[in-house]
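Engineer: Protein chains in written order, with our numbering: chain A, 40 to 597; chain B, 40 to 597.
You may find that some hints are simply not true.
Treat identical chains as interchangeable: a pair holds within one or across any two.
What the hints assert, rightly or not - With a Cα cut of at most 25 Å, we get these calculated DMTMM-like pairs of lysine to aspartate or glutamate:
#, residue 1, residue 2
1, K88, E401
2, K182, E419
3, K88, D403
4, K88, E577
5, K310, D347
6, K151, E401
7, K161, E52
8, K253, E264
9, K552, E590
10, K151, D409
11, K151, D572
12, K88, D587
13, K151, E577
14, K552, E591
In short, the hints are calculated from the structure, not lab data. Computed from a predicted model, the values in this text were never measured in an experiment.
Protein chains: 2
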Amino acid sequence: MTTIIRVNMTSLEINREPVPRNMEKLGGRALIGEILNQEVNASCHPLGKNNRLIFAPGLLGGTAVPCSGRISIGAKSPLTRGFKEANSGGTLGHKLGRLGIKAIIIEGRPAKGHHYVLRLTKNGTALDEAGDLGQLGNYDVTKRLFDQYGNNIATASIGPAGEMLLCASTVAISDQEGRPSRHAARGGLGAVMGSKGIKAVVADDKGCGVVKPKNPQAFKAVLKEFSNYLKVDPQIRSRSRHGTAEGIWHAVDAGWLPTRNFSSGHFEEVKKIDADAIEKLTKERSGYMTACMPGCVIKCTHVLNDRDKNYLTSSLEYETLAMLGSNLGIGNLDTICLLDRMCDDIGIDTIETGGTLGILTETDFFQFGDGEKALDLLNEIRNGTTLGRVLGQGVEVTGRVFGIDRIPAIKGQGMPAYDPRALKTMGITLSTSALGADHTAGWMVKGETYEEQINHSMERQIAFALMDTLGMCLFTRIMLFDNLDYMTGFVNGVHGWDLIEADLLELGKDILKKERRFNENAGIGFHANQIPDFFRNEACPPTGNIFDVPEEMLWRSS
Amino acid sequence: MTTIIRVNMTSLEINREPVPRNMEKLGGRALIGEILNQEVNASCHPLGKNNRLIFAPGLLGGTAVPCSGRISIGAKSPLTRGFKEANSGGTLGHKLGRLGIKAIIIEGRPAKGHHYVLRLTKNGTALDEAGDLGQLGNYDVTKRLFDQYGNNIATASIGPAGEMLLCASTVAISDQEGRPSRHAARGGLGAVMGSKGIKAVVADDKGCGVVKPKNPQAFKAVLKEFSNYLKVDPQIRSRSRHGTAEGIWHAVDAGWLPTRNFSSGHFEEVKKIDADAIEKLTKERSGYMTACMPGCVIKCTHVLNDRDKNYLTSSLEYETLAMLGSNLGIGNLDTICLLDRMCDDIGIDTIETGGTLGILTETDFFQFGDGEKALDLLNEIRNGTTLGRVLGQGVEVTGRVFGIDRIPAIKGQGMPAYDPRALKTMGITLSTSALGADHTAGWMVKGETYEEQINHSMERQIAFALMDTLGMCLFTRIMLFDNLDYMTGFVNGVHGWDLIEADLLELGKDILKKERRFNENAGIGFHANQIPDFFRNEACPPTGNIFDVPEEMLWRSS
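Work out the full structure, taking the sequences as your base and the hints as a guide.
Structural biologist: Printed below as a string of structure tokens:
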């Protein structure tokens, strides 16, 4: 990966730049941290011309490593007002890798009302007028882009939410079947893309082969071992059958399933929305399991059809099932599928939206279990009504507007589907990550004492940051949960480097440090490592736990 | 002042507590800083049961010192999410001082739908059911309270905005004529009062005399000199005639009058809204000048009548004229009077509201100069429509909801009526104060170099914090703009202390330090000392200036 593409949306100029020396060994999330700290004044308005939107494949993007094609997207977040990297599966990461693109940096802002498609091919990069794509949902946009640019493309697009600059908006990434079912969902990056006047990014890697390893021998050895592992690991096998929906079982067992606006950890209708229920529905309607990116052998995605056996939605993750299901008191899988499809189409984060509708039950606008009303409210967002615009800002702003003080959000970002009272270790990661409440910042359960839990959270945050830097899917597990031999093996094999584990650990620490530094420069101090006070004051049934990790320990851990 | 009244709104219990040793020499703002840091976890939700609302008269409250009866109100701010003290004239500060009340601390939260009047007399303190006062505007509430409790009372009340927990809501304080024209306006303290279920505080000091000085000789000597000064100082004389409306002249001369959403420092219709215009309107309609508190010889307040010569509004300050006038392109004094009256009645901050309607011109909801529409929009707030609730959250949330990135706010609080590009020294105070953009944190114009300007701002912030601790009106000037002899003279005379200037300076620094510490504990780091980036990027006509004080200097100055 030899090139940085810089797109100035004020002048509409595109430049290809060589990769600076200090960025050579960075990719994905690490590269975004470096660029944001170097180029973006942390005090800028996140939707103003001085913010940058960055796309960066991981260090293994475009290679033959299985599950290595995740795309990192980053900017100053309009939701958290701090550092944000969100990554996604789908096919974009690999295609950018194969095109030799290390990063796309989008800066400036076009005149109002102008929207573009940024098109990348082997032969060059161009901005096409987006024409009549404006206000279309992601499904229509993606279909039109595939019709127009051919089937070899990958897309990143925003729905009406991103165009309306709503802070819960996502960037949708096309999957292997050309559907916008994958999302860099958290932190409102769709709004940053909207502010830059980019409706979609289209990448076509025609004529580009797979990235060839610089040290083929070493690479092949690791690849073989890794591929074998992926095929036999029992937990991966389980994921291949159940998808992330299996998380519902773990959540119910341990009492951390967000239910009715985080008022309980158990949902009495849970069997209607768990992995068995999804498997049944999938089969009944001729759905199937699939992989979001080429070369993935895990295939964790349910493709779900409607009653007429036409495609309805896919990538219905645990987070979505919990936040749009149990957290809203909705035990109807059909409704959850529709809500998921609408969120993907409008381009809004299912986690943030589930949290938002959850607190809205404290008003007259919504009641637990009312699926029809939930769909109506998503339409309010789609249509940009004032109420819709409020909801599209996510949990915290919705809470402020309606005078609600029980707000499940950290650093401005709605909490994912792990009640931290029953899963305290996760609460530590959620409160201490510079990214705001984000389960992919370092999922973990271990640790007896607070001290152990905090140390373990920091270790996990480092390992996860490295995975996001390599572009690796977290579900490959062994890279994360064992030593770092696979990481060093692949990175050295691909790039011909000679990194050792200590180098990667150093890099991981540096990634977190840079993210915290950006937050600090944005005015977000380390005391923002907090958990909403109701988690400390209200016991959560059925475990009866409260979150009791001392505040001081959360502060210290940055 | 010997007693702290603690009101627990969960249990509805009231306790009288002795003043702890470390609070004896504190009053007003300093006392609030001490109590908030001691008692309130900075990470709490500002509208939850763990926040405290504090009323504290100054160290000179209830004495015969002219202009010493300001009341400080404080809490964790729902607007800035950090430390907030806002103070107000009117008659409450003196009455609390005469009742011997050092502070009222309101904690906890009652069951939903319950609202109370907190009544304080020489004989005791009680919570009366607020009955049918709910949802009434401040003018009706205050009238009913005076009807019910007699003419010797002072009131603090909230309008519908405070009850609806809107973050731009104020606490209204009754003036000498029993009207709610005075407001502790900034930072959303009305919402904190609303969250505590307190519709009004009523203080009757019947049977209490003026606070007697412990050292009468010394006190009388200072009092005589001070009173003579107030009578002859030419600038005070000017204030007595023109009110703060004279600020319009200074602003126009120097090009810092916020005009059309901070797009210019000059308003071509300025002569329709300046001090001459107000003087003319006041006279035509049989209005007059008056003082907000007993013992004030400045009398800076215009009482403005409607066409039928019935009372319309008073305390139409420079800030209101600019933010609801020039900043909205409204050159009609009648309209501004109506807007001011409505803000006072609904209980919302005229500064925050003017800034909010200013940015709303970037949407289809409002256009510059449309006074009728501005009044309609205030009615939306009064009626609690979704749009009204958004606007009632102030500049920053309104900007987020409507995707506006040119936001005149610092630390979440809307900017007052001094364009920092033409008055950079003020920009320093606005960006560095822990209170958010607040002109009363340290109004100043001096300094040639950045270094001088920053040092001068820090000196001013210390002096202003001391004035807020004594309960003194800033318009007495000499206390601020000369040495601190008057402050030490009065404080020592009243309390029999022997403080020297250095003690007060130490106290002043400590006040600011505690406020910053609270912010830091709330997660607001010193890098939040920022100015919105458009002030750095857009030149302001007519001066053509940008705000160019280096960011690093703003950070350093905390």
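Engineer: Checking K253 and E264: alpha-carbon separation at most 25 Å within a copy, between copies, both or neither?
Structural biologist: Answer is within: at 19 Å inside a copy they meet the 25 Å cutoff, but 87 Å across does not.
Engineer: Indicate which option fits the pair K310, D347 if close means a Cα-Cα distance not exceeding 25 Å: within, between, both or neither.
Structural biologist: Within. Shortest intra-copy distance 24 Å satisfies the 25 Å Cα cut-off; inter-copy 71 Å does not.
Engineer: Check K151 against D409 for me: Cα-Cα at most 25 Å, and say if that holds within a copy, between copies, both or neither.
Structural biologist: Classified as between; 24 Å across copies, 38 Å inside a copy.
Engineer: With 25 Å as the alpha-carbon cut-off, assign the pair K552 and E590 to within, between, both or neither.
Structural biologist: Classified as both: same-chain Cα gap 20 Å, cross-chain 21 Å, threshold 25 Å.
Engineer: At most 25 Å between alpha carbons: which applies to K552 and E591, within, between, both or neither?
Structural biologist: both (19 Å within a copy, 20 Å between copies)
Engineer: With identical chains, the pair K151 and E577 could be close in the same copy or across copies; at 25 Å between alpha carbons, which is it: within, between, both, or neither?
Structural biologist: For K151 and E577, the Cα distance is within 25 Å only across copies (18 Å; inside one copy 47 Å).
Engineer: Is it within, between, both, or neither for K88 and E577, if the alpha carbons may be no more than 25 Å apart?
Structural biologist: between (43 Å within a copy, 12 Å between copies)
Engineer: I want to check one pair: K88 and E401. Are their C-alpha atoms no more than 25 Å apart within a copy, between two copies, both, or neither?
Structural biologist: The answer is between: 16 Å across copies meets 25 Å, while 37 Å in one copy does not.
Engineer: Indicate which option fits the pair K151, D572 if close means a Cα-Cα distance not exceeding 25 Å: within, between, both or neither.
Structural biologist: between (41 Å within a copy, 19 Å between copies)
Engineer: At most 25 Å between C-alpha atoms: does K88 with D403 qualify within a copy, between copies, both, or neither?
Structural biologist: For K88 and D403, only the inter-copy Cα distance (22 Å) is at most 25 Å; the intra-copy one is 38 Å.
Engineer: At 25 Å max between alpha carbons, let me know whether K151 reaches E401 within a copy, between copies, both or neither.
Structural biologist: between (37 Å within a copy, 12 Å between copies)
Engineer: Please work out whether the CA atoms of K161 and E52 approach to 25 Å or closer within one copy, between two copies, in both situations, or in neither?
Structural biologist: within (18 Å within a copy, 75 Å between copies)
Of the numbered hints stated above, none is contradicted by the structure.
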